[in-house]
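**Q** Residue 22 in numbering that gives the first Met the number 0 sits at position 23 of the sequence shown; the count goes up by one each step and never skips.
Hints listed in this document are in silico derivations from the structure and should not be mistaken for laboratory results. Each hint should be verified, as a subset may be incorrect.
No farther apart than 16 Å at their CA atoms in a straight line, the calculated lysine to aspartate or glutamate pairs in the EDC-like style are these [what the hints assert, rightly or not]: (1) K146 - D164; (2) K117 - E140; (3) K245 - E229; (4) K117 - D164; (5) K117 - D275; (6) K189 - D126.
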Amino acid sequence: MTGNKRRRGAFLRGLHAGLGLGGIILVIVTFLPLLHPYWPLAGLTEHFALQVLMAATVLSLLALALKRWRWFGLLLGIACIELWTIHPYWPSFLTGPRSALAGEGAQMKIVSLNVWHKGQSYAAVRDYLSRSGADMIGLVEVTPRWKAELAPLRALYPYSIDCQDRNPRCEEMLLSKYPFVKSFSGHINKTLPVIAWGQIAAPGNGTPLTFAVTHLSWPVVRTDLGDGEETVQAEQARNLAHALQKLGPNLVLMGDFNGAPWSRVQQDLRQATGLDNQGFLAPSWPAWGPAPVRLPIDHIMARGQTRLATLHPGPDVGSDHLPVEAIIGFAQP
């Protein structure tokens, strides 16, 4: 009996210690982004708001069971903070219906995929894209080998945009079932990021509609601008926002943004461009992880008359990212 009491006491002490350690970590992770103006890399933890929410919920239940009321209140507060952070991007079936869209004929399917420059799942990606039914496909990390392996898709997607012939490190590509009226691919103002965009006449009504694909850096590299520091990702997003201002009112932007939709960089980008991806949550990286641990860093955004009707991750095709699939339509005037 004494041995059982000792084991039970050791187990309870372990639970209390785990609660304290986990609580301290969550406090640091939650409030570290407040140091962003002084230390740009402090914003890195904001991308994990969904995981922090889940961890805070579990630990708050543990605190409740252990009757640690102060920890319970603190952890519940952290959960509420993170829930507020991510709530604009919560799945649309919880946030209500989207704006009314035009008829079925005006809708298009979009697929965005980081094929992974180290990946070799050529057949799986070709098969997925050929069966996807997408009208427009945006790809990133397309190496010269990937471009050659994807060439058979030309039978379904006769129109494409990329700049690998001029620069093999230009790894963005658009594939389309519709001819491009205007197009461009290359670096923005001779610097990063690279963008590939094309304008089509939207099926059904002929409205000029521009699609663009890009790829932003990881949010872990700093740059010194002379008047202060920021991440390379933030600098690239600012360059991207400036370029998107010239692409017309009806725009669909897709790609690997290496950032959660509630991150500071993403919010600044949407505010500067009028793009929207709220009401959707599509965890896409890493592909091998279960949904609760994946981060939503691949996005499809729209502005103008275009609206996202659905957005969700696609199947595992051998990349380190899952594809992201969307249906877009035109809002009623």
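**Q** Taking only the CA atoms, is the gap from K189 to D126 under or equal to 16 Å?
**A** Violated, at roughly 35 Å.
**Q** Holds or violated: are the alpha carbons of K245 and E229 at most 16 Å from each other?
**A** Given pair K245, E229 is violated - Cα atoms ~25 Å apart, limit 16 Å.
**Q** Are K146 and D164 close enough, with their CA atoms no more than 16 Å apart?
**A** holds, 11 Å
**Q** Starting from K117, check that the Cα of D275 is at most 16 Å away, please.
**A** Violated. K117 to D275 sits at ~31 Å, over the 16 Å cutoff.
**Q** Regarding the pair K117 and E140, is the alpha-carbon distance no greater than 16 Å?
**A** holds, 9 Å
**Q** For the pair supplied as a hint, K117 and D164, is the alpha-carbon distance within the 16 Å limit?
**A** violated, 20 Å
Hints 3, 4, 5, 6 from the earlier list are contradicted by this structure; the remaining hints agree with it.
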